[in-house]
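Engineer: If you want the building blocks of each chain, they are given just below.
There are 6 protein chains.
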Amino acid sequence: MLNKRIFDYKNDENIELFVLIKSAETRIAKNGKQFIAFNFSDQSGVISAKFWDASKEAIATFTPGKVVYLKGKRELYQNNPQIKIFKLRLAKESEPQDPALFVQKAPEKRAEIEAELNRYLFEITNPTWNRIVRALLKEYQKEFFTFPAAKSNHHAYAGGLAFHTLSILRLAKALGTQYPQLDTSLLYAGAILHDLGKVLELSGPVATSYTLAGNLLGHIVLIDEEIVKTCERLGLATESEDALLLRHMIISHHGLLEYGSPVRPHLVEAEVLHQLDNLDASLQMLDKSLEHTAPGEFTERIFGMDGRNFYRPNEK
Amino acid sequence: MLNKRIFDYKNDENIELFVLIKSAETRIAKNGKQFIAFNFSDQSGVISAKFWDASKEAIATFTPGKVVYLKGKRELYQNNPQIKIFKLRLAKESEPQDPALFVQKAPEKRAEIEAELNRYLFEITNPTWNRIVRALLKEYQKEFFTFPAAKSNHHAYAGGLAFHTLSILRLAKALGTQYPQLDTSLLYAGAILHDLGKVLELSGPVATSYTLAGNLLGHIVLIDEEIVKTCERLGLATESEDALLLRHMIISHHGLLEYGSPVRPHLVEAEVLHQLDNLDASLQMLDKSLEHTAPGEFTERIFGMDGRNFYRPNEK
Amino acid sequence: MLNKRIFDYKNDENIELFVLIKSAETRIAKNGKQFIAFNFSDQSGVISAKFWDASKEAIATFTPGKVVYLKGKRELYQNNPQIKIFKLRLAKESEPQDPALFVQKAPEKRAEIEAELNRYLFEITNPTWNRIVRALLKEYQKEFFTFPAAKSNHHAYAGGLAFHTLSILRLAKALGTQYPQLDTSLLYAGAILHDLGKVLELSGPVATSYTLAGNLLGHIVLIDEEIVKTCERLGLATESEDALLLRHMIISHHGLLEYGSPVRPHLVEAEVLHQLDNLDASLQMLDKSLEHTAPGEFTERIFGMDGRNFYRPNEK
Amino acid sequence: MLNKRIFDYKNDENIELFVLIKSAETRIAKNGKQFIAFNFSDQSGVISAKFWDASKEAIATFTPGKVVYLKGKRELYQNNPQIKIFKLRLAKESEPQDPALFVQKAPEKRAEIEAELNRYLFEITNPTWNRIVRALLKEYQKEFFTFPAAKSNHHAYAGGLAFHTLSILRLAKALGTQYPQLDTSLLYAGAILHDLGKVLELSGPVATSYTLAGNLLGHIVLIDEEIVKTCERLGLATESEDALLLRHMIISHHGLLEYGSPVRPHLVEAEVLHQLDNLDASLQMLDKSLEHTAPGEFTERIFGMDGRNFYRPNEK
Amino acid sequence: MLNKRIFDYKNDENIELFVLIKSAETRIAKNGKQFIAFNFSDQSGVISAKFWDASKEAIATFTPGKVVYLKGKRELYQNNPQIKIFKLRLAKESEPQDPALFVQKAPEKRAEIEAELNRYLFEITNPTWNRIVRALLKEYQKEFFTFPAAKSNHHAYAGGLAFHTLSILRLAKALGTQYPQLDTSLLYAGAILHDLGKVLELSGPVATSYTLAGNLLGHIVLIDEEIVKTCERLGLATESEDALLLRHMIISHHGLLEYGSPVRPHLVEAEVLHQLDNLDASLQMLDKSLEHTAPGEFTERIFGMDGRNFYRPNEK
Amino acid sequence: MLNKRIFDYKNDENIELFVLIKSAETRIAKNGKQFIAFNFSDQSGVISAKFWDASKEAIATFTPGKVVYLKGKRELYQNNPQIKIFKLRLAKESEPQDPALFVQKAPEKRAEIEAELNRYLFEITNPTWNRIVRALLKEYQKEFFTFPAAKSNHHAYAGGLAFHTLSILRLAKALGTQYPQLDTSLLYAGAILHDLGKVLELSGPVATSYTLAGNLLGHIVLIDEEIVKTCERLGLATESEDALLLRHMIISHHGLLEYGSPVRPHLVEAEVLHQLDNLDASLQMLDKSLEHTAPGEFTERIFGMDGRNFYRPNEK
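Those protein sequence lines, which keep their order, are chains S, V, A, Y, B and P. The first sequence begins at 5 in my numbering and counts up by one. The second sequence begins at 5 in my numbering and counts up by one. The third sequence begins at 5 in my numbering and counts up by one. The fourth sequence begins at 5 in my numbering and counts up by one. The fifth sequence begins at 5 in my numbering and counts up by one. The sixth sequence begins at 5 in my numbering and counts up by one.
A hint or two may mislead.
Identical copies carry no separate label here, and so any pair may be met within one copy or between two of them.
[Stated by the list, open to error] Calculated pairs, DSSO-like style, for lysine-lysine (alpha carbon to alpha carbon, straight line, at most 30 Å):
no., residue 1, residue 2
1, LYS75, LYS109
2, LYS14, LYS60
3, LYS113, LYS177
4, LYS37, LYS8
5, LYS177, LYS109
6, LYS37, LYS75
7, LYS60, LYS37
8, LYS54, LYS77
Simulated from the structure, these hints should not be mistaken for lab results. In this text the structure is predicted, and so the values were computed from the model without any measurement.
Working from the sequences, and respecting the hints, build out all of it.
Structural biologist: Next up, the structure:
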């Protein structure tokens with residue numbers, strides 16, 4: 005029974021398994037007592053649970069990063085699944101204890117992602133763009149392959165940033181074949197750098213929050229800064245058309261001023277990057293939600309899709 | 005010299021060529037005299053021209069559909085190219101007279117488009133969708149392969165509807181490979197039918213205007229009507245999940261209520277169809293504009309892209 | 005005392021009466037125990053109540069559709085009246101048990117509504133419209149006279165759909181007298197069909213929810229489908245001007261694209277139908293709220309009126 | 005032939021008739037010469053015309069308020085009818101010269117409008133409202149019965165203000181019958197005063213422009229001022245509930261803050277007044293446009309109806 | 005220890021002090037028992053607290069306006085500070101009991117504010133404006149110096165209205181020096197009257213709510229009424245340019261129709277008054293929030309600043 | 005007579021004076037002939053004029069930057085003043101020929117502006133901000149003191165950028181006195197740099213257009229780049245709180261994302277800078293328009309003030 009994962013269970017089924025405490029927030033209940041609002045995770049996803057009448061010891065024990073033995077029941081609360089806790093204790097020495105075993109991962113292996121990404125580097129034939137992209141990927145390699153692509157919403161798991169980037173590159177390649185007028189060098193360079201500023205905007209892959217620089221400048225300005233510095237170091241003129249085009253790709257990729265791009269796309273490749281970014285993020289969000297929804301049912305309302313709920317058709 | 009086409013000339017260059025009168029509107033000038041506002045076309049595109057102090061004879065002679073010999077000068081008027089007319093006469097018998105030679109065409113041949121489209125039909129494995137799509141394609145085959153995809157904006161040429169449909173199918177195929185969770189049967193069926201209502205909304209491939217049904221119901225309701233009728237004829241239940249899913253694909257494909265969809269997408273495939281429709285339309289509009297723009301210049305502002313102008317980089 | 009109805013009591017008054025359980029939702033309280041969130045109804049309206057620390061037996065007993073004896077106190081919670089439950093038990097055999105006695109009804113009797121509606125049918129002199137309307141009213145007669153006009157908001161009671169329709173017809177008649185240029189045949193036909201799609205969009209008069217067709221297509225597309233099918237069966241051309249006008253009336257009646265009409269009104273009668281629909285819905289919502297508000301007080305904020313609260317003047 | 009009025013002619017027909025110069029604006033043509041942009045009117049409506057190469061004498065002669073003999077041709081310019089002038093001269097002594105004969109009028113006679121309005125006064129049974137309304141109607145009687153209801157858009161003719169007011173009163177009466185919960189005293193009082201501020205906002209029935217007070221305060225604040233002053237003079241407390249309710253009716257009648265109401269309606273009668281005001285204005289605008297449109301055609305786009313064009317069905 | 009004020013304590017520190025009950029609302033907890041939601045205040049600010057399982061006696065004893073002895077702990081709840089109550093009792097006779105000692109005050113003394121305001125009166129050299137302003141300040145002197153400037157948000161303390169007015173006058177004076185084209189007479193007169201309608205819109209400095217006149221007419225229409233009445237009494241023509249200009253200053257000062265101004269500013273001084281009003285309100289809101297925020301932290305999200313949070317830099 | 009400047013004349017007055025050709029655009033008139041659309045300027049402002057039937061020689065002669073002798077008449081065209089040209093020729097040797105004499109200037113002398121700006125530099129006591137500001141002012145000194153602050157709208161004259169900056173500094177100083185909690189060091193540093201990116205975004209003080217970098221990146225990203233580079237050169241860490249605060253001041257100064265700031269203000273000083281920037285720009289635009297408007301009249305509609313027109317009161 006301990007082999008099943010969270011989302012292998014159905015609603016109203018009793019559960020017994022090991023999970024990781026992803027977050028644990030102590031709050032005051034309406035009856036004046038403290039409780040812990042948990043998010044538990046394993047490789048099948050994340051689920052919430054409330055631990056009522058929490059003692060000081062419990063609060064001190066059950067902290068983020070710990071692997072715990074959990075007995076309870078999966079329930080539905082306001083259309084979202086949650087766990088009713090019957091028993092909770094730390095995992096013993098003889099039991100699984102490595103947090104890395106309980107974390108969602110990119111659907112492909114890091115080594116493969118890295119290898120495939122590298123192949124795209126070779127196809128950036130413009131030397132200015134190639135040098136800038138290589139320099140920045142080298143500088144932030146570790147973060148690039150371990151950070152999530154967002155704090156929540158889409159690709160919010162370790163390695164999500166690199167996987168999201170790779171997905172866009174693949175779409176870009178398909179488009180390059182179908183629309184030969186597109187400059188794939190520029191499209192690939194822009195795709196690789198478009199969200200790299202997140203490694204400076206976010207605190208890291210675990211317990212992700214915004215840095216001060218992230219709050220005050222945002223990831224678009226932060227990556228533009230890195231490109232400027234890289235040009236300075238490599239002796240490339242930031243005012244050359246090549247540099248302007250690449251920087252424009254990145255700063256315009258949110259598509260609309262309201263979404264934080266200081267200028268809208270004015271290059272066909274910039275427009276395409278913006279649309280592909282949207283497309284991949286939508287698909288990833290929908291995929292995550294539909295996976296936890298039964299055939300013939302609607303998902304919960306998805307914040308990142310304007311609050312729409314989506315239907316999962318019955319299997320034929 | 006007569007071998008050059010409209011957009012083979014540069015601004016401020018004298019021109020001499022045969023063109024088709026695509027539209028001719030008689031107006032009153034500010035000096036009280038009549039003039040003709042022409043749109044001339046050949047296979048390189050469409051350009052406007054004004055014919056001042058037009059006599060009754062000129063107005064009666066130079067009507068849409070005629071091929072004419074044109075001598076003049078290409079100029080720039082408020083950032084858009086136009087022709088200053090020096091001489092205009094009907095093409096003689098010994099000269100080219102077939103309007104079909106002066107019309108923009110889909111960049112691929114009709115036979116090839118048709119063949120490729122047919123291959124997609126085989127990949128619609130769901131029998132309900134397959135039968136509906138085949139029945140409607142058969143009923144409107146002629147219109148489907150000759151209508152434009154829109155009155156102006158994108159794919160506004162004979163055959164544009166079929167070519168736009170094929171482009172979306174190709175994108176859909178690429179996506180199906182990258183995101184295996186997508187139901188490509190549904191995506192292909194939706195893609196083929198999504199704009200088919202335009203054959204009822206628009207009057208035809210030439211001098212395109214809106215029909216009364218187009219004005220009062222719009223192409224989304226018109227194609228939904230056709231699907232309903234087809235189901236009735238084929239004995240398929242319109243209330244089956246299969247029929248509902250396909251109809252939802254079509255009626256939601258504008259994405260937003262503000263754009264005329266009575267419901268927003270609530271299926272992952274419907275969201276994808278909407279985004280691919282957008283993507284292909286954007287690329288086609290940009291391509292048309294950039295083609296007429298010199299390297300190092302910006303296009304005119306493009307209405308269908310929120311009035312943005314786009315930069316055509318210098319060639320490297 | 006048992007003769008008084010829910011809204012015959014004032015706030016902070018003890019109550020004792022029979023009510024119907026309109027809905028009963030089991031939730032988990034912040035102290036970890038289960039409670040039932042009830043909506044009780046009788047002919048004076050609907051009121052909520054919470055049943056704390058609910059046992060399994062209570063949850064199994066007090067289900068929607070049961071008539072119960074209720075002792076408690078009417079209170080004010082966040083400006084809305086609710087019941088604090090002192091005692092709750094099923095009604096005994098000797099006590100009232102027919103749910104039909106505890107349901108809000110249209111303010112007029114069904115037979116009278118039906119008779120008056122029929123008189124309007126005679127005034128639809130255009131034969132195409134008359135035949136379509138009669139055929140559809142006949143097909144959905146039972147649903148038309150028992151469904152609510154909406155899931156909540158306005159006319160959300162059994163028979164609400166027919167009563168709302170009749171109210172619009174009466175307004176339309178008054179307008180026809182004042183503005184003789186209006187085609188009342190068209191206006192009446194449009195009014196009768198405008199919301200008939202709700203009998204397909206909603207699940208029924210009790211515990212009303214959306215059907216899958218309602219979620220994926222919406223009531224506007226669903227009634228348009230019915231008109232199309234009816235034309236087919238009656239041998240009427242859907243592309244005749246008469247059919248187009250009637251269909252336009254229905255699909256444009258939400259007035260704005262944002263509200264789900266695929267086209268905006270382009271007929272004076274369509275614009276009028278839209279405005280009268282609004283007017284009657286507003287008056288019904290306001291009436292319901294003001295009835296439960298004391299003179300000299302404001303109602304709660306009304307969602308369907310953009311969250312405004314309304315003042316009930318002191319009686320003179 | 006001189007018995008026909010402007011809109012008795014069709015497009016492309018030669019015309020010969022007497023008209024009034026409603027407005028005459030001298031402008032500089034693109035060829036550097038002056039022309040006069042006329043609006044001519046008779047009882048059938050208003051039409052524009054351009055008088056090219058206007059001499060100083062012509063400019064001095066053809067001024068607003070003059071009746072002229074006009075020979076020309078009715079044409080279509082950008083979908084709007086206009087007159088091409090062949091001959092223009094002042095009307096001679098033996099010819100019609102009274103401007104009053106060439107002005108659009110309310111469709112009913114002033115004496116009848118006044119008599120009917122007076123009957124509504126008797127139905128305002130609340131003495132506070134009755135006294136305020138009577139005092140203000142007396143003070144502004146002349147203006148009320150001669151002003152237009154707006155500078156352009158709807159009811160833009162002499163007497164339009166009173167006729168628009170009467171139309172709303174009739175609608176209000178019909179509503180009072182159908183919805184007995186409405187306080188018709190308040191509704192009638194509000195309807196009569198709602199636009200009375202226009203007699204201070206606008207300069208008068210001819211060559212209507214905005215006064216300085218109209219520009220800086222607007223008609224809503226101006227009529228509120230008049231109500232306040234009237235209360236002071238009649239010894240009525242402006243802070244009584246009766247006074248507050250009436251003032252609220254008037255200041256909220258534009259419905260939305262964006263349309264210049266400092267507060268939105270918070271009384272059911274205020275909401276109703278707003279909706280009836282809209283309904284009557286819409287019907288008047290549509291009526292005026294459809295009258296000048298042939299069956300089977302669309303009107304021009306109507307500014308006051310969000311730029312929509314409306315279809316005039318074929319007569320059956 | 006009893007010398008410390010609420011915001012002299014840090015989060016998680018035990019507290020012991022006297023405070024005033026600013027508001028006390030009895031609610032029903034999720035466990036079905038009553039609790040009191042308090043706002044306590046002293047001169048350092050306002051803080052919330054919940055009193056669980058409140059007996060009838062407690063509810064009757066702890067009412068707004070009472071000074072109480074409070075022992076507890078300052079905590080953080082959803083990023084906002086609140087008090088966890090350990091002990092609560094009424095202040096004894098020997099202890100501080102005057103509510104006036106526990107109320108936030110304008111940062112300057114009333115006598116000084118009044119004296120400085122009077123000096124501005126002398127600088128209103130236009131006699132019409134001077135007489136109107138003096139008359140109204142005299143009539144509402146008491147309220148003007150004791151009311152808050154708003155129910156919550158900015159300057160929400162006794163005397164806030166006068167202090168906010170003075171702040172704007174000071175800014176206006178600085179602007180008058182820098183931009184000599186401004187008419188400071190008009191600017192000062194407008195500034196003094198701009199929010200004076202709040203003394204009629206709001207119920208008073210304590211337990212502030214909206215009056216019926218406030219709800220139905222709003223403070224802009226109410227002060228306009230007072231200006232009209234004052235003109236009548238002083239024999240000044242409301243239609244003089246001077247009166248129109250002053251009234252325009254006041255009714256347009258919210259800047260946008262959406263914010264409740266029936267007209268937008270059309271005088272340079274009216275635009276300036278609007279912007280200075282905004283500027284001072286923003287600074288006051290930010291000041292209040294930053295005061296309760298530690299260096300290196302962000303404030304909570306501030307409703308009146310579009311929900312933004314602000315950073316308090318580390319001290320250097 | 006030649007001593008009068010453009011705006012010393014009234015409408016309908018004959019004029020005779022020397023002016024500078026600020027811009028000259030050749031267009032095709034509706035009669036098919038070419039004309040020149042001029043903007044003439046002298047120190048009193050800019051006015052438009054059309055030169056009809058322009059010969060090739062005229063087009064070649066009358067180019068931007070030339071001083072010309074102009075005889076004509078000032079007229080009103082669509083509410084805007086323009087010149088009707090009677091005679092136009094180049095200025096002779098004996099006549100004024102220096103373009104610098106015919107250009108609008110900052111209302112204060114450059115030397116004084118520079119001196120006063122330098123005094124503010126001393127008040128930036130934070131060494132990081134002081135060094136960055138000094139370095140950038142030094143690098144772009146010439147441009148800073150000669151560029152306009154915008155292409156059109158406000159401060160659109162040589163030296164406008166420096167004068168606009170100084171105006172904000174003066175306002176900031178007044179605010180610093182009134183609100184001592186403000187960090188004036190930060191406010192001054194932000195004010196000086198806030199629009200400095202315009203020297204890279206715009207092409208220069210004459211015939212101002214956007215550079216490619218201006219179009220693709222915008223002045224906010226361009227000045228951020230300069231700050232980053234300056235930090236690198238001076239050995240200052242861009243990730244220090246000081247650097248982040250200063251950069252945040254600049255990138256957020258448009259206030260709203262819709263206006264091109266990638267983040268909104270999250271520092272009290274950033275909010276203040278945004279509001280002061282607005283205030284000074286508004287006052288400058290209004291001043292320019294009111295100067296050309298007669299007392300008792302409204303200005304034309306001002307684009308930068310949301311299309312509002314402003315009233316110039318009669319002088320008392």
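Engineer: Take the hints in turn and mark each one as holding or not.
Structural biologist: Structure-based check of each hint:
Proximity of LYS75 and LYS109 under a CA criterion of 30 Å is satisfied intra-copy only: 24 Å inside one chain copy versus 49 Å between copies. In this homomeric assembly, LYS14 and LYS60 come within 30 Å of each other (Cα to Cα) only across copies, at 21 Å, whereas the closest approach inside a single copy is 32 Å. For the identical chains of this complex, LYS113 and LYS177 are neighbours both inside a copy (21 Å) and across copies (25 Å), given an alpha-carbon limit of 30 Å. Within a single copy, LYS37 and LYS8 get their C-alpha atoms only as close as 33 Å, which misses the 30 Å cut-off; across copies the closest is 27 Å, which meets it.
In this homomeric assembly, LYS177 and LYS109 come within 30 Å of each other (Cα to Cα) both inside a single copy, at 24 Å, and across copies, at 26 Å. Taking CA atoms no more than 30 Å apart as the test, LYS37 paired with LYS75 passes in both settings, with 23 Å inside one copy and 18 Å between copies. Taking the shortest Cα distances, LYS60 and LYS37 sit within 30 Å of each other both inside one copy (11 Å) and across copies (22 Å). Taking the shortest Cα distances, LYS54 and LYS77 sit within 30 Å of each other both inside one copy (12 Å) and across copies (24 Å).
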